[in-house]
Each structure stands twice: as structure tokens, then as C-alpha cells.
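Asker: Taken in sequence, the protein lines are chains A and B. By the count of this note's numbering, the first sequence reaches residue 232 at its end, each step adding exactly one. By the count of this note's numbering, the second sequence reaches residue 471 at its end, each step adding exactly one.
Hints listed in this document are in silico derivations from the structure and should not be mistaken for laboratory results. Since the structure is predicted, the reported quantities are computational estimates derived from the model, not experimental observations.
With a straight-line cut-off of 20 angstroms between C-alpha atoms, the simulated SDA-like cross-links for lysine to any residue are:
id	chain 1	residue 1	chain 2	residue 2
1	B	Lys33	A	His122
2	B	Lys466	A	Glu27
3	B	Lys33	A	Val121
4	B	Lys307	B	Ile295
5	A	Lys146	B	Phe46
6	B	Lys466	A	Gly49
7	B	Lys33	A	Glu84
8	B	Lys210	B	Val145
9	B	Lys33	A	Gln119
10	B	Lys466	A	Asp63
11	A	Lys146	A	Ile103
12	A	Lys146	B	Arg39
13	A	Lys146	B	Val42
14	B	Lys33	A	Arg128
15	B	Lys466	A	Pro104
16	A	Lys146	B	Arg43
17	A	Lys146	A	Arg136
If we take Cβ atoms under 7 angstroms as the criterion, some of the chain B residues that face chain A in the derived model are:
id	residue
18	Lys33
19	Val47
20	Glu361
21	Ile364
22	Ala367
23	Met368
24	Gly369
25	Ala370
26	Lys371
27	Pro464
28	Ile465
Here are some, though not all, of the chain A residues that point toward chain B, as calculated from beta-carbon distances under 10 angstroms:
id	residue
29	Ala83
30	Gly90
31	Asn101
32	Gly120
33	Arg162
34	Ser165
Beta carbons are placed, not taken as given, at the ideal position from N, Cα and C, and that holds for glycine.
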Amino acid sequence: MSLAQLIDLTKTYHMGADIIVEALRGVDLDIEEGEYIAVMGPSGSGKSTLLNLIGCLDRPTGGRYILGGQDVSRLSDAELSEVRGRRIGFVFQSFNLIPQLTALDNIEVPLFYQGVHRRQRRRRSQELADRVGLGARARHKPMELSGGEQQRVAIARALSNDPLILLADEPTGNLDSVTGREILGLFDDLSARGRTLIVVTHDEAIAARTHRTVQMADGKIVNHTSN
Amino acid sequence: MLSFKSTEILRLGVRNLFVHPARSVLTMLGILFGVMAVIATLAVVEGISEKMQEEVLRMGTTNIIVEAVKPTESESTTQTQQGGMAITYGLTYEDAERIQSSIQGAEVVAPARRIPVTARYLTRRTRAEVLGTVPWYNETYGINVASGRWLASLDQRKVDNVCVLGAAVARSLFPRSAPLGKSIWLGSFSYRVVGVLASRGKTATSSGETETDYDRTIYIPLTAASRRFGKMLQDQSAGSRSFEMVELHEITVKVPTAEAVRPAARIIVGLLEKFHDKKDWDVGVPLERLEALERTKWLFIVLGVSIAAISLLVGGIGIMNIMLASVTERTREIGIRRAMGAKRRDIVSQFLVETVVLSTVGGAIGVPVGVTLALVIPRLLAQAATMLGVGGEAALTSLSRTIVTPGAVVLALGTSIMVGVVSGVYPAYRAAQMDPIKALRHE
Ligand SMILES: Nc1ncnc2c1ncn2[C@@H]1O[C@H](COP(=O)(O)OP(=O)(O)OP(=O)(O)O)[C@@H](O)[C@H]1O
Ligand SMILES: [Mg+2]
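So that you can see chain B by itself, here it is in the shape it has in the complex (with noise of 0.2 angstroms):
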């Protein structure tokens, strides 16, 4: 019996909507709007915290990542014979021998040095990082070889020139033939590639301010490294010649569980405090930026719903109003209907209904346009940046990628729904508290 009256309301409330089209689809286009930019706001923050999340976890949760900083000037400048400036600083083999056997159940302690090379092969020439590491530092950071092998603890008890190359360090040197078995030059040595790495894309380190370029990296053996290139690193970029030197740039340490993560980190950082008399160094912890991240999506999450949530009170208003106006235009109809029979509650549910139907209407039509939105707002991103030029480019990337998850959906739409039905309440009840002898003579 209930809802036999319920589906008759509904089907009284939709005719009335129909009555004034046009009014009906302007109030709509309000919620509609609010629908759309919640559901925009929420699938560009989830996008830009999944993609920032994904370079964290590649940088492996359970890593501990230490880095050799480049101190501030003058503190360990020394001259040298050939008058240019010398700098000592980072990590050293020994700080990756206190790691090891300092912490319990290290898995891994993977050192690397970095040193920016330009790659030969015939006549073509390419930037790259050379990176010096250890055969254990794939699996720290989960690295994929895509054809030949990766670096083996023979190359390195051998100090072996071969080299694993970067899927766009490959692509460089061999834009046509296939380059296992190929010597390829890094300043005065040759070096065998004996693998290919699969791309992996852009990603962040560990400071978050510079970005690695892993496909542009060229693996060869840490012993190699040490011999050929030595301690010292000729500053290319400065003006003056200047020298650095360092030993290790990297030492990551792979931990068993997350669990393990910050008691390691600290035991590493008394470690280095310890050792260094000069603050050389950087602890990075994948799993603290995780939840930090974590952190950050939420307080962007609440910023968009916040926005969106004021497009849809603004819609809100503007259906309450319409419904007043209505109320009081059809004052006469509540009175016709009043002395007809229907109860109060007959009325509140009659605005209700409209408030309801226009909001999830407005609502339905939303969701879709929001998707919609959400879809083509990387690409309308893009071509911005194209615009924009280079920089632009850069700042845009991290926003390549969209996510409508269903909660949001859901958010979206109940969030409609219930505007529908609070802003429906004040006009319905105005209706329904009126005297039906008043009502009925009102002009």
C-alpha cells in the first residue's frame, strides 16, 4: 500500500517537473555541475597520488635509500696541484661494511656510484649515467631485463668492462641492430653489453627534487667503476675545474618487512652521524614518503570534495529556491489537494519527490559528464603543455593519468541525492504547514 502511494508520488512528481521544462533543466544543470566537479577533482587526485605512489613502491617499500649529498662550499675544499678545486664528500665502502653488519637481517646492502658519461657506439654518441653497482642491486629495486642478462658476481670478481644498458641508452646507440655482444665506449674504456633493461619510465629519487632518468642509465660492475673511472670525478658543468670526489654515491639497504624499515633507518643514521664529521649524506625512506603521500592525497581530497561540495551547495540553493517559488505559486494546488484529502505528510513528500528527482537526475547526468571530464582532461593537459613549451611539459607529466574510482561515484551521487532531499525540506515543509482556507483562496 505504501509503496504503491510512493511509485503514484513519483509518478506525481516527475509530471510536475514536466510542467516547466526548462526551469526543471537549469536547476538540474546546478547539481549536475557539482556532480561533474567532484567526480573531475577526485579521478585527478587519485591519478596524480596513484602515479606518485608507483614511483615511490618501484623505489621499494622495504629499501632504505642513502645518498651522498654534495656539502655546502668551502667546508671541505681543498686546493690541488693542478689549481682547480677538489671536493671530498659521500658515502664510503666502509660506511656500507658498518651497514651490513650493524643491522640484523639486512637483506641487501646495495652500494653505486653514479658518474654522467657520454656513451660511444661508431659514431654515435649519447648522454648517460653510469652507474656502478653491485649483481644484487636488481633485485633491491626490482629491475627487469628485457634481453641478455644482468650484471653476474663473476663481472665483478673479474672487474669485467660489460655493461648493462638503459632501454633508452639501447635505443640510442641501436636504433637498428640489436646490441648484445656490441662494445660500446664510456670515456677511454670499452665496455661488452651483455643486457637490456625493459623501460621503466621517469621516476623520482629519493630527495624528490632531481629525476632520475632509469632508462638512461648504463650498469657496469662496481669494481669496474672504481678502477676505470677512480675516485675522482671531473665537474664538467662548473666553470672553474673542479673535482669531486667520492667513493659511493648510493648505498641501499633492502629490509625483510616494513616493520624493520624505521629502527634500520635509525640505526643507519646514528651510523653515518657517527662516521662523518660533515653532514655528506641523506637517509631516504621509500615507506615514510608512502604515508606521507598518503597524507598529502588526503588533504587534496579534501580540498576538491571542499570545492566541489560549495558547486554543489550553490546547486542546492538554487533548487531550494526554485522550490519556494514553486511552493508559493501553487499555493492553490496545496490547497485544492489539502481539501481533497491529502495529509501533510502527502505534501512534503509531493516537493520532496520533485527536489529528489531534479537532484539525482542532475546527479545521473553528472556522473557521466564528470567521467567524461576526467578522460580528456590528460589530453587537454597535454596539448596545454605543448603549448606552454618546455617547462610547462614538465610540470604537467605527473598529470597523465586520471582515476574514477566507484567510490567517488558513489560519493558523487549520494552527495546529490542528499542535496536533493535537504534543500527540498524547508519548501515542502513550508507547503505542507499551510491553512488549506487560506491556501484556497489565494490568488
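Only chain A is shown next, with the shape it has when bound in the complex (with noise of 0.2 angstroms):
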């Protein structure tokens, strides 16, 4: 059985009385164990939408989605919050990372929620955070560290709670060229150790990375893609 089954999955909001978005209009898509998929296509077609859902941060409008064997897409909010804290990780394209926190303390967030102990947070942030190549910068809050760390920092915080998936949203979309490629060179080394990745991207040569391209346009997967 796959790691996670999307079928027929659509999103539907309601802006004001009469005006609908239809985001999703019915996705089919399973995931394996392992799997480095991009998720491409034009703005607005949907990527991030399917990203969300896939992370478990809304409820699809219609469809079932079963993640490691369970179905999530009837969650509760706070069942939907374990599964995020214990299942899923997140890279987006800002970093989002806590101002007021240290590398270090970003990258504990999600074992805190957890209830991991602090001695064994601290432990794994370490260990994370010298596996994406912190190293010294570790101690620092984000505002001291340039973008390409900030990113690190992130990845380092996506995989704290070890999850089935790692989600990235455009993550080079706010660095530069060369830094872009070393998250990039990241995320392939994860890939090679088994971890699952879907990363959302722009750039065709990023996709050219991954085992799989899904193409994405209004609100359907239009292409599928063996890299």
C-alpha cells in the first residue's frame, strides 16, 4: 500500500454569498514510500492548495485522503494538529521561522508540541542542525542569519519529528541561484536516504531532480511525469 492516497480530492471556497473558487476539482494521486515528487504548473492552478491538504492544515471540501493508512481527510482540528506535529514536516518559500527564537529553539517547535523532553529536543536540534551544516550559526536568531541558513534551519526543523512527508513549497523561490542549489543538494541527499519529499517548484530543472513531475492546471493534475 502507498504512503499516502489522494482520490478525487476537490477544495471549494466561498468568497462572500455567491462567489465560489473551486482550488481542487478532483485529484487523484498516490505517493509512495521514498518518492521525490514536484508538483509544477501555473499560478493559481492549485499547488499550494494540494500542498496544504497533503500537510493536513485544511480539510478537503470533497474526496477521501488517506495518509499511512489512516483516513484524515474527516479530522477533527485538533486530531488534524497531531497528525501535522507527528507526521509532517514543512519548508516554505519565507522560511517562517519565530523571530524571537534561536536556530536551535526554531528547529525544537515541533517536538515541544510533542511533549519531547528539553535535554532530548536539545539533543536532536543539535544533531539537525549539524546534518544541514549549521554548524556555529546554530546559536543565532533568524534576523542574524542570511537566507540560505534560514532555509536549513527550516529543513532542519521539517525533519525534527522525523515525519512520513516532507513538504516544500517554491522553498528556493525567495534565494538566490547557488544557495538555491544547495538546499536543493539537501533535499537530494534526504531523497537518498528515503525520505519522502514533494516540493512545489517553478523551475523546470529543480523538477528535472525529482523521480516524478505532476503537472498541475486548474485545479486538476493535467501530467504525470517520470524524471
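Using the hints, build the complex out of the two chains.
Answerer: Here is the structure:
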């Protein structure tokens, strides 16, 4: 059985009384363990909406979503939070680090809500900071870090709870090409170690490094390409 | 597990407060002043009420005090041979006897006369009030003798010229020597000092308007008072020559229990109404004053606490205002935390902890500040009184003491914690209700 299954997933936004936005209009997708998938498509095609649903940040309007054998499409808010905290890792285009926390503290945020003990958290965050190549910068606050370093912190944070899937929405969108390539190098590494990754991108070169590209348009998957 | 997470959330809350130290301190000040106000107000109320209570207790809760009251003019004035006016009024020995025989279980009935005099010893003079009374008067009022003895039955029977001095009178007449055994002049008669009383301080009379200074009183046997001073008293304060004829100024009735006070007072009033054709008497019941005092105290407490509550309310609004701003400011952080697995209730507790820590710390600092304020209030008022002069001093002496009760501290702290919870609930709820996706996109 696959790691995650999306069956005829739809997402509709109601804007006011009679304006309806159909962000997703029936998406079917199977994600296998260890897969590295790129999601591409024009702006407004529903890529972020799809990623948010996979990441359990939101509930689908219709269809089913089975993650790790569990139907998560109708879970309560608290249950969804639990699933996010235990099984999902997020990396955002704008890093989304908490400014008043140091890099290490930021890395520990998911573990905090899992009730992991302080000492254990510190050990784990230190290990992850080393793994993403932060080194001595780990004790600094986000403001004192470069974009590339911030994104490394974000990746370490996404890995802290050892998630089933790591989701990244345009992770190199705010970085220069050299730094972007370094971050992508990290992703390649993770994939090589068997991590399941889904990356939303506009960049063909990035897509080319993945196992499979999912092409979206107008709220639907219009094409699958194996790379 | 839960307690572990709670301490973690507490740590997080405290850390967040340190992100904006100035803001946190300013927010805290609102609560600090509120708590300070609660404690100081309650201390003042408690101090006044305790002092008044002491005064009433000094008059004895099982005592009924019947006093002679000068009736309104014209009613009872008669022309005297000297051309002055004479007023006859007040209580009589008959009244005392009637009361004694009508009230069962009346332990003591202590009649007394008050006569203003100038007391002399050698060249020294002092204003004093002679109180002619019976030997059991001291039991009724719990008067303590510092040296020598109190009036005895024998003095009464022999109509002896002996006296017991109040502490202040003794000090004025005998600044250096020992008064016992010396003779002092009261009017045209000399009296031997047999005892000196312990100082009692000022006290209010049962009518509550005038202040009698126990310490400025000279006690002599009632028999001696009637014989030497007669029934006639010359009113020296009046410009014209007027005379007052008073047999007894005061009759104190002591009953065995507090329950017996009210029925006895009713009987006394009945007797006096029957045998006096004019209202030249007043029945004072210290117990009733005590109860009235208790009610007044609550009124003051409610008033004071309301004022303090308003300042705490303002403090609470301050906290809520800051927290709402903080929630908006930290929208993105909330989105991040939610994406990382924080449940709604984690967000609620995070913000609630911040407000509760703010208000509790504000309250905890406010308590010692309030206590200190309560301690210096009497001194400040004393200074203010001396600057105001005599009148101010008299008005402010009842504020000579403030009392901080543990109850007041608990109330103030409890309220401050509650203010933290109440003012935090709405901002925390707002934070928790945010859509994580929108919060993450927030600029
Ligand atoms: N909260 C929302 N309320 C209303 N409409 C929304 C909301 N979120 C997304 N949409 C709409 O859904 C559609 C898909 O949006 P989505 O963000 O998934 O696009 P995208 O493919 O990620 O685009 P981009 O490449 O610009 O990020 C868009 O038309 C968008 O306006
Ligand atoms: Mg997008």
C-alpha cells in the first residue's frame, strides 16, 4: 500500500455569498514511500492548496485522503494538529521561522508540541543543525542568519519529528541560484536516504532532479512525468 | 505529562514577555497599582474600624449608658433670685434606683456626675473634669489603676475627700513628684490623692459627638460630689450668669450578657419616658454602635474595593489591549506553531500564560508596595495634619493606624490573577481561532 492516497480530492472556497473558487477539482494521487515528487503548474492552478491538504493544514471539501493507512479527510482540528505534529514536515518559501527564537529553538518547535523532553529536544536539534550544515550559526536568531541559513534551519525543523512526508512550497523561491542549489543538494541527500519529499516549484531544473513531476492546471492534475 | 507540558508553556510565556520588557513592565504597572490600591484601601478601612471598635468595646458591650442631655432652651428655665437663668434637668438618684429595681440581673448600676473644675496643686493648675461616682464604676468600665487604689465603699460612706487621678491630670499636677498621699484643690475643697489611673487615650462618648478625655478626669466619691459641689453647677462658658441643676449626669447599667442588653435598654427607655416630662436624657447602647460600625465598615470596604476594582479593571483592559496587539503582531508565529502541530488549546494556554504571568507578577509586586503604602499612610497624614494645623489634626487622628489583614492580601492577589485570566481569554481565543494557512501568509 502506498504511503499516501488522494482520491478525487476537491477544495472549494466560498468567498462571500455567491462567489465560489474551486481551487481543486478532483485530484487523484498516490505517493509511494521514498518518492521525490515535483509539483508544477501555472500560478493559481492549486499547487499550494494541494500541498496544504497533503500537510493536513486544511480539510478537503470532497474526496478522501488516506495518510499512512489513516483516513485523515474528516478529522477534527485537534486530530489534524496531532497528525501534522507527528507525520508532516513543512518547508516554506519565506522560511517562516519564529523571530524571537534561536535557530536551535526553532528546530525544536514541533518536538515541543509532541511533549519531548527538553534535553532530548536539544540533543535532536543539535544533531539536525549539524546535519543541515549550520554549525556555529545554530545559536543565532533568524534575523542574524542569511536566507540560505534560514532555509537550512527550516529544513532541520521539518525533519525534527522524523515525518512521513516532507513538504516544500517553492523552497528556493526567495534564494539566489547558488544558495538555492545548496538547499536542493540537501533535498537530494534526504531523498537518497529514503525520505519522502514533495516540492512545489516553477523551476524545470529542480523538477528534473526529482523522481516524478506532477503537472497541474486549473485545479486538476493534467500530467505525470517520470524523470 | 500534562504538568511537564504546563511548565514548558509557562517557560515559553515568560520568555515571550522578555521579548518586549518595557511593554511587559508598563502593562504590569496597571495591575500593580490596582493591587496596591486594594491593599492600602482595605488597610485604612480596617485601621479606622478597629480603632472605633476598640473605643466602643472600651465602653463595654454589655453596658447601657444613660446620659443627661441639656434640653432645648425655654422649656425649663426658671428665674433665680440672682437674676440669672437656672435650668434643671438630667438624671436623678431616683432614676438610678428605679433602674436598679426594674432590671433583673443588672449587675451594676453606676451613677456619675460630671463637674468641670480647675484642679490645683501648689502653684500648678490644670483643667479637669470631676466625676463623682460609685466604687463599682471601675468594674463597669474596666478602669485600671496604675498606682495606689480605686475608690472604696468606705470613702463613699464617710463622704471622704479622696480622689483618683486620670493619667494626664497626674502628669500635669505632679510632673516630678509622686501624687499619692498629696492633697489637691478642687474648687474650694481639698482632696487626698489615693490612686492614679493607667493611661487610656481618647475615647468617644455614647452620643458620639463630644470627646471625653478619660485621662483628664478626676474621680471622687459620688457622695462627696453631691455634698461639696451641690446640685447647682455654674455654667462658666456662657456669657450671662446661668446655672444648671443636675443631680446625675450619667448612669451606667451593666447587664450580664449581650443578649440582655436590648431588652434592658427598652425597659430603661420606658422608665425614663414615664418619669421625665421632658427629653433630658439619652440612652446609648455600645453594642448597637458596634453593630452599626460593622455595617459602616462593610460600606467602606465595598466603596474602597469598588474604587480599587476600577483600577484593576483598567489594568485588565490594558493587558487585553496589549495582548490583542500582540496576537495580531504574532499572527504568523501562531500559523507556524499550528503548522508544527500546536493544537488550539496549546495556543490558548500560551497566550493565557502570558497574561496571567503579567498580572500575577504585577500583583506580587503590588502587595509589598501596597503594604508599604499602608504603613506610611498614618505618618504622611500626621505630617499633613501638622501642616494643616489644629483642626486637621483632630480630623485625622482616627487614621493613626492602618491594618493589613491576610484576607486583604489574598483578595488582592486572587483578583489580580483573575484579571489576568479574564483579560487573556478573549485575545487567546482570537489567536486560537485563526486559520493556520491564512496566519502563515500574514505579512
Ligand atoms: N483561502 C482562500 N480563499 C479563497 N480562495 C483561495 C484561497 N486560497 C487559495 N485560493 C484560490 O485558489 C486557487 C489556487 O490557489 P493556490 O494558492 O493553490 O495556487 P498556486 O498554484 O499555489 O499559485 P502560486 O503558484 O501563485 O502560488 C487560486 O485561484 C486562489 O485564489
Ligand atoms: Mg502557491
